[in-house]
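Peer 1: Here are the chains, one letter per residue:
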Amino acid sequence: MTAGERTPLLEARGVVKSFGRVRALRGANFTVFPGEVVALVGDNGAGKSTLVKTLAGVHSPDEGQLLVDGEPVDFNSPVDARAHGIEVVYQDLALAAELPPAANLYLGRELMRRGLLGKLGFIDDKAMKRAGDRSFHDLGVRIQDTNAAVAAMSGGQRQGVAVARAVMWADRVVFMDEPTAALGVVQTRNVLDLILRVRERGIAVVLISHNMPEVLEVADRVEVLRLGRRVARFERGNVTMEEIVGAMTGAIEHKENHA
Amino acid sequence: MSAPAESIAAPDDDLDGAQQQPWWAKLVGGSSIWIGLILVGLIAAFAIVEPSSFVSIANARNISTDAAILLVLATGQTFVIITAGIDLSVGSVLVFAGVMSAKAMDWVGGDGTGTIVVGLISALFFGGVWGWVNGFLIAKANITPLIVTLGTFGMALGAALVITGGIDEREIPYDLIDTVGTGRLFGEVPWLVVIALVVAALFGVLLAKTRFGRFTYAVGSNAEAARRAGIGVDRHLIKVYMVAGTLAGLAGWLSLARFGTTTIGGHSTDNLQSITAVVIGGTSLFGGIGSILGTVFGVFIPAVLQNGFVITGVQPFWQQIAVGAVLIAAVYLDQLRRSRNR
Ligand SMILES: Nc1ncnc2c1ncn2[C@@H]1O[C@H](COP(=O)(O)OP(=O)(O)OP(=O)(O)O)[C@@H](O)[C@H]1O
Ligand SMILES: [Mg+2]
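Going down the list, the protein sequences come from chains H and S.
Numbered per my numbering, the first sequence finishes at 257, counting up by one with no gaps.
Numbered per my numbering, the second sequence finishes at 434, counting up by one with no gaps.
Certain hints may be false.
[What the hints assert, rightly or not] Mimicking SDA-like on lysine to any residue, the simulated pairs with C-alpha atoms at most 25 Å apart in a straight line are:
(1) H:K117 / S:T302
(2) S:K232 / H:D72
(3) S:K232 / S:H328
(4) S:K331 / H:A180
(5) S:K232 / H:K117
(6) S:K331 / S:R262
Don't read these hints as lab results, they were simulated from the structure.
Because the structure is a prediction, the values reported are computed rather than measured.
Pulled out of the complex, with its shape left as it was, chain H reads as follows:
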């Protein structure tokens, strides 16, 4: 299972992204292979979230190339990325807090009523709520009242809603930008199990996390971002926590090969 032999499902090459004078990505590379769990790690401000948003079509890169299955692609909006089966749990969750969870699950992809009503733009809230309740149940997200607005929920429950949404729609890759940051012990366990279950379905997961034991537990590979560039890649089993942290902080220099 060496990385070089397979065609990456999703790849970023030399991506540059600036916000005014802040250069968030300075020629970043990133690779996701089909059906793997890859951890994207790096210090605060390393550019992880910016890279995720670029690969999700939220930001368009100033320079560089995105590839899906080895073919160059342009993502002009999140809709383009979704069309390739890419879903994201954003660090800020990107939920409409005043709407109930089911409305968030289906935001922008509402189930319509059947027949004429559907053509007139009527949405099927009952069906969305039913499907939402089922997927929360399956994922072990406990929500007392699924009619209430997301604003009324705990941080962990909100994170559960965002994770459920991404997993529900993803065909090929799910990005999870610190999905366990607000979670208790039990919920963190749930999310890690969920990541493995998603992988069993053949869907790749990109896990962004500052929690190294968590990373070492679930990730098949680790890619390290530092100051907007990829500085190291590790395979599962060949790496210690000290090495990852060393690469993150720049204490250990690795040869990054720009394949």
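Using the hints, position chain S with the ligands against chain H.
Peer 2: Just chain S with the ligands now, with coordinates in the frame of chain H:
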């Protein structure tokens, strides 16, 4: 990094059952029911004090006729405020659309249905154009709604004054005044009221049951999240301001029908009145929350107060004081509700 409470809570494996609420629980949970109760309470109070003159069909007709045109404006305003925006231009757009409608009917000439329909279409069109201008500047130029619509508030009124030379147009087809303006359905319900309620009902359904409505809430609740969910936020905002503008156009045409003149000077506070009604009705100025039913109550509370004070012999100036207090209370309740949720 504290463990959320639900980790301790007993698992609830029941999928459907349990969570289903009876219909009235939803109503009581929403804020519009309280506003509705306040309205009922006001009506009851005036009815007890002055049963003979307050409780009559004629008086109900007066109240609702006065409220009808404002309800049309406030319906559009509700959509705008749910997107976390504001439309200060509605009164001026009403005037401008009324002027253009009157000019168009004058130009076609005659008194018949055709002329009246031309007038209606012009009013809707010119209202919609101002709405598009508002929406375009807000969505594409990223100027805050308060400033954009304050600008068009002045511009639309100024344009109406330029076109008319500041003199009200009084050549309104008599048939329009006689039917829409003063006519009644079944000889009882004024057409103005029927039209306003139908508009409120249609747009209430649009808001509550359709994708257009869902996008409206989503944009107001979290525009960035809506964008990432693939919603064309800019396009949707433009549409929402066009709804408000078009409804202001309709209100302009209704106003011609009611008063038989363009009433150029009479709409400088329509914007504040419509915002007051929407906010009293429980729609949140922060966006993402609101309903047309609430707005209907919010329109009628000031109208009932006005009428009730006149009938009970209280100086009607008290109405303004009472409405102001209700407005502040409504916003305070909204803030309480939000801080409890976060
Ligand atoms: N929308 C934006 N506008 C301006 N600057 C931004 C924006 N997004 C990110 N940045 C900047 O880009 C840099 C990288 O930020 P990014 O959020 O990608 O880091 P991160 O690796 O996700 O960090 P963290 O671990 O704290 O989440 C930071 O310096 C940040 O201030
Ligand atoms: Mg981040």
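Peer 1: Against this structure, judge whether each hint is valid.
Peer 2: Checked hints:
no., hint, in the structure
1, H:K117 / S:T302, "holds (10 Å)"
2, S:K232 / H:D72, "holds (23 Å)"
3, S:K232 / S:H328, "holds (11 Å)"
4, S:K331 / H:A180, "violated (37 Å)"
5, S:K232 / H:K117, "violated (29 Å)"
6, S:K331 / S:R262, "violated (32 Å)"
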